[in-house]
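*Asks:* Now for the letters of each chain:
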Amino acid sequence: MAQLTFREAVARGIAQEMRRDESVVLLGEDVGASGGVFKATPGLFDEFGPRRVRDTPISEQAILGAAMGAAMTGLRPIAEIMFSDFFAVCWDIVANQMAKSRYMTNGQVTVPLVIRSANGGGLRFGAQHSQAVENWAMAVPGLKVVAPSNSADVIGLLAAAVRDPDPVLFFEQKSLYPIRSEVPDGEIVDELGKAKVVREGGDATIVALAAMVPRAVAAADELASSYGVECTVVDLRSLVPLDTQTILREVSKTGRLFTVEENPRLCGWGAEIVSIVAEEAFHDLDAPLTRITTPHIPLPAADALEDLAMPSVQRIVETIRKAVD
Amino acid sequence: MTASTGSVTETTTASVDTRLALYRLMVEIRQFEKRAYDLFMQSLVKGTSHLSLGQEAIAAAFGVAMRPTDWTFATYRGHAHTLARGASMTGAMAELLGRSNGLMAGKGGSMHLSDAEKGAMGSYAIVGAHLPIACGAAWSAQYRGTDQVAVCFFGDGTTNIGAFHEALNLAAVWKLPVVFVCENNLYMEYTPIGSVTAVPRPAADRAAAYGLDAIAVDGNDADVMYATASSALQRARAGDGPVLIEALTYRHGGHSRADPAKYRPQEEVDSWLARDPVPSYRARLAAAGVAADVLTSIETDVAAAVDDATERAKAASPPGPELMMTQVWADGGSSWRN
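Chains as they are written, first to last, in the numbering used here: chain A, 2 to 326; chain B, 862 to 1199.
FYI, nobody ran anything at the bench for these hints, they're computed from the structure. Beta carbons: idealized from backbone N, C-alpha and C, even for Gly. Possibly wrong hints are sitting among the right ones.
Unchecked claim - Some but not every residue of chain A turned toward chain B, in silico, with C-beta under 7 Å:
id: 1; residue: GLN62
id: 2; residue: ASP93
id: 3; residue: ASN97
id: 4; residue: GLY108
id: 5; residue: PRO166
id: 6; residue: THR245
Claimed, not checked - Anything over 10 Å on all C-beta distances counts as not near chain A; from chain B, calculated:
id: 7; residue: TYR1051
id: 8; residue: LEU1156
id: 9; residue: THR1157
id: 10; residue: GLY1181
Put together the whole structure using the sequences plus the hints.
*Replies:* Take a look at the structure:
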């Protein structure tokens, strides 16, 4: 067992897969010699060299196009898009090419690759470097979408993503990079599409993702200690594939569902989950389904406003306390 | 490689067999495209179509010059380039008709013809997207130490989109074995390319920006195209980095099915029709001593093959409903939940 930061876990996960499989390569802006702008890839350039760890120009279409062409012809690339906001300049390659080529060719082409990207707010970067865009990816058929909340999951889910034969968008919530958590020794390989119940309680079910998981857990702890309200917290870990069995089971036990989403309100991933629960677990519900989200605004930069916009522990506590009263 | 501009020069040392293979491929593309046009007019083909009538020599030359292990990346105007790799004519025709025996069982359509087993790695319908993707295939060949080359075809309009410049730069910096082939047919959709481009030669005049040679050739001359293709492939295969070719040509019809191409001056159309690559190559082969019956038998063989492909496509069933939910994922299915 070791205590690793989230960013250290990223590098360890990539190294684990690159040691195992010569066809795994890493490319992106500053990922090599400098170890990444978020210092999530240090050591890889030294260990694997410039042939396997490639610094690229600021050309997001070229980065992802190169990853796709390489994946179609025998490699398993891990591409980095530095900030997930930059998906907006290369979304054609993601949404039109990677996601659809297999279907359009009726299976002639396979696209086994991973796109890692620093996602989400909390670092005062302003509206163009802070978005949580996992819901963009979820809306496109043909993409798998993963967002871990802790260091062990980073390694295990990254390994699963690299070994997966389909394109996987792997969102690294940048506010989590400095957070340490326990990681087992040895190889870690997880499974895509399995949510985790990280806390159990009988009064309400909170479904959260990535950076919202530790906030949901902190809120659940406070609800228990201050108000005697006991919550289950489900860490989704993956939006596609979606572990609806775990969601439906855990919501049915408590009769109350709260989603905690970093993405803005409209068409956030919680809307899909609420819709599934409404259709399939309606008779088990004791209360309206409730989404706790960032408002439908671009994220502001100033500390006071960004903190106000993103779902906070306090907002989660207040929302659930009022609803359960 | 030397730069030439539009002039027809007899540079070929190609054998008679090679030249006959070139002619056969051009005739196949010509007759296939004419049939595709007819079937559109009969509403047997739906959606849209972008034909290569008039541009056959470019795809044919690369089809003959490439090795079976090389890769082609084409555009929505990709029937020619897919057939040039040896894709089944029936499969291509059936794909246009939306039939179960189509190359992609009807899931792709006219703009997305692919035959990966033959190295035809897809036809991409978002302008520019496939240039970086071709870079990736070339990177894979370089990484794995194979001597495969990726060949990427695109139109003149593509030279003004960002992905073109990103791909050219990456290919040059990484010295990738990729050949970029700009088919300059003088019009980006309905607009003369010269009126929206800062330089006279949309691809060749950009080459210097990426440290590449400016290569502009007569895309209607099959011998010139074959020599150009062979030399470019050799250079890329040898590890000397990417090649950018601008092949000047002209489409006989409009941009797509919807376009009667009224915006083109009649004298311009007439002058290019006089330089139609197919009959002019036929005349050159005849002048070089190829017997008339050899050429005629190629034409009748191809006509029979196109008829046969048409009948087999028409006779086939549409794709069954069970196909709709398949091949989103590599496990063959489309499930997004448990």
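*Asks:* Mind listing which of the numbered hints don't hold for this structure, in increasing order?
*Replies:* none
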